[in-house]
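Go ahead and model the full structure; you've got the sequences and the hints to work with.
Protein chains: 2
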Amino acid sequence: MNKFYFTKLVNAINHKRLDAMLIVPSDELKFIIGESPYLCERFQGLFVKKDGSYFYVCNLLTSEEIQKVLGANVKVYDWFDGDNYIDTVKKAFVENDLIGKTIGVDSTTRAFEVLDIMNNLDVKFIDAKNMLEEIRIHKTSEELENLRIASKIADEAFAEVILHIKPKMTEKDVKEKLCNIILEKGGESPGALVAAGANSSYPHYIKNTGVIKEKDIVLLDYGCVYKGMKSDISRTVFVGDITKEQKKVYDIVKNAIEAAEKVVAVDAFIPDIDKAARGLIEKEGYGKYFTTRLGHGIGYMGHEAPDIKASNPRYLEKNMAFSIEPGIYIGGNFGVRIEDIVITTENGTEIINKASKDMIIIK
Amino acid sequence: MNKFYFTKLVNAINHKRLDAMLIVPSDELKFIIGESPYLCERFQGLFVKKDGSYFYVCNLLTSEEIQKVLGANVKVYDWFDGDNYIDTVKKAFVENDLIGKTIGVDSTTRAFEVLDIMNNLDVKFIDAKNMLEEIRIHKTSEELENLRIASKIADEAFAEVILHIKPKMTEKDVKEKLCNIILEKGGESPGALVAAGANSSYPHYIKNTGVIKEKDIVLLDYGCVYKGMKSDISRTVFVGDITKEQKKVYDIVKNAIEAAEKVVAVDAFIPDIDKAARGLIEKEGYGKYFTTRLGHGIGYMGHEAPDIKASNPRYLEKNMAFSIEPGIYIGGNFGVRIEDIVITTENGTEIINKASKDMIIIK
Chain A
0 MNKFYFTKLV NAINHKRLDA MLIVPSDELK FIIGESPYLC ERFQGLFVKK
50 DGSYFYVCNL LTSEEIQKVL GANVKVYDWF DGDNYIDTVK KAFVENDLIG
100 KTIGVDSTTR AFEVLDIMNN LDVKFIDAKN MLEEIRIHKT SEELENLRIA
150 SKIADEAFAE VILHIKPKMT EKDVKEKLCN IILEKGGESP GALVAAGANS
200 SYPHYIKNTG VIKEKDIVLL DYGCVYKGMK SDISRTVFVG DITKEQKKVY
250 DIVKNAIEAA EKVVAVDAFI PDIDKAARGL IEKEGYGKYF TTRLGHGIGY
300 MGHEAPDIKA SNPRYLEKNM AFSIEPGIYI GGNFGVRIED IVITTENGTE
350 IINKASKDMI IIK
Chain B
0 MNKFYFTKLV NAINHKRLDA MLIVPSDELK FIIGESPYLC ERFQGLFVKK
50 DGSYFYVCNL LTSEEIQKVL GANVKVYDWF DGDNYIDTVK KAFVENDLIG
100 KTIGVDSTTR AFEVLDIMNN LDVKFIDAKN MLEEIRIHKT SEELENLRIA
150 SKIADEAFAE VILHIKPKMT EKDVKEKLCN IILEKGGESP GALVAAGANS
200 SYPHYIKNTG VIKEKDIVLL DYGCVYKGMK SDISRTVFVG DITKEQKKVY
250 DIVKNAIEAA EKVVAVDAFI PDIDKAARGL IEKEGYGKYF TTRLGHGIGY
300 MGHEAPDIKA SNPRYLEKNM AFSIEPGIYI GGNFGVRIED IVITTENGTE
350 IINKASKDMI IIK
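As you go down the protein sequences, you meet chains A and B in turn. So the first sequence is numbered by numbering that gives the first Met the number 0: it starts at 0 and just counts up by one. So the second sequence is numbered by numbering that gives the first Met the number 0: it starts at 0 and just counts up by one.
Accuracy of the hints is not assured; some may be wrong.
Identical chains share a label here; the pair holds if one copy fits it or two copies do between them.
What the hints assert, rightly or not - Below, in silico cross-link-like pairs of lysine-lysine (BS3-like), each with a Cα-Cα straight-line distance of 30 Å or less:
1. Lys151 x Lys176
2. Lys226 x Lys165
3. Lys89 x Lys100
4. Lys29 x Lys167
Since the hints were derived computationally from the structure, they do not count as laboratory data.
Right under this line is the structure:
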């Protein structure tokens, strides 16, 4: 059990006037208890109560494994596949005085289970996803250092993968190459979105079935994990040649990320950061093609607080970590995105991705 | 849009007296519409109404991509990151007469979003996971053929991977080897659980950090996808030597799977299949170590209907596909599981995994 975060979590539960918080297997459970068992369709999760006590509910098949993680003094309520899990949840709630109470849920708990439980027991679940993100919004120095290393691995992988990209490769080939490079460099759990040609115009394109053509545009968005901390970088490169419009769009996006990164500082107003990039893109006439927020927080999850967008009217504080990723996505034609992770330390703003943002035409 | 399943889905929605069904990106969305966009923390999903019409709700960043999949005539309700998605959901529900109505949810929809929507709009969500599984519980001949091929790839991979397993390899090494063999054989999205020594006693162990020792037991549980259909097989092998107790337990589990497979037939009562394996294991005094159901349905999802367990009092019908996987898990000591996929066709029962179930001691 991570005592530092556990104490923060219990304080947050009380501050939000919840009676308990449910956290199911995910990176969020891992950062609290150090492990995350396999989550199949069977209900399971950690319930942390406002008094700081906690218990776990899971199928019999996971109970020995989780008991070992939580220690012998923590109650694990389990049931056998032949029985109804609701009976076990009921027993746990009765014994822990949670009947009639309010329980927060994380980012991963599934709707069908919560709806089933509410249908059968007098208990109210509410969304507490943000609460769980807020307790880790200020990164520790160790977390910041691991974020830097995760980003460095991503930067180095970029320098290497562009030596391999060429026409006739599939997006999947590039993805596999990139992920292997990351693994060789010590990054864990690599993930990559590779979008060639018109596919680059869909910001979350993940099909990986496209083929790189002569004179194509290739958008790379990828990352990995280092000691629990995630990296996330996007670069857009050109194979063989670049069109006049692509060049124009690339310069606008590059100017936009640089403009936004200049505004990042402790005490900066988050909407102003978004505005710095968006205003510039709008002025150039491409505003309607910048279809996303400017960025997202990052850490134990790839996307977490704080969102960098106009509708998040708060001020940056010390030791926050987030992406800055303006993009121009001309649907069905092409898209350009450039993304860095930026942190706000006591020494000022630090753009932890160092990979070149200069236009790269792979010959 | 898969018309065959779409028609079944609309019939099921009416039969269950729902007003609509929500299906979010997952293998379940893919089998209905042919694609599954990337699901990040932003809400998105397909709403199918009881009158057979449908619409999609997603962030602006996914809307062009999904519009292309659904066709120009289908309404896609989108919102920009700077706005509140609840406003867009409200607009969609008002225009589609879903205010005050009941909407089913699938296996993947997240609780925090459904709780948020119910908190803001007069609408009721209920668990309809099983409904979505029931419409595909009878496999088509094409699906059965793809299940056979997916299982054949898994069988061949077993014969190959055991040539490589040896002491000092990590569980991760074996997993990577196995996944690479599967990919070479044309299986997609391979996944594997490799548990050596005491780790084999935890049925859903996924850490992959263990090292194979001399005279160790190794449990392999893995599968892949072929044209949308999944395979799932477990075999337990011995490296170098076997203890007397391991030999005894292995024989019991092997007898148990063979006994259960003999009971499988069209019109067999599902609890009787479970009983055939469990009774045998109980008679040998290991009943308390068989901590799971006997099996689960398989198809577009790795686990789907029908569950093979005492508390599922129904009869097998033609063209069902499911696992038979008895196991004995002696917590902290060792575990043995043997798993086949079995189908009930018009020609009788077919055990589609052909990999040997004989005891294998790797020398």
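The hints, checked one at a time:
1. Lys151 x Lys176: both (17 Å within a copy, 28 Å between copies)
2. Lys226 x Lys165: between (33 Å within a copy, 29 Å between copies)
3. Lys89 x Lys100: both (13 Å within a copy, 28 Å between copies)
4. Lys29 x Lys167: Between copies only: 27 Å across chains, 40 Å inside a chain, cut-off 30 Å.
In this structure, every one of the numbered hints holds.
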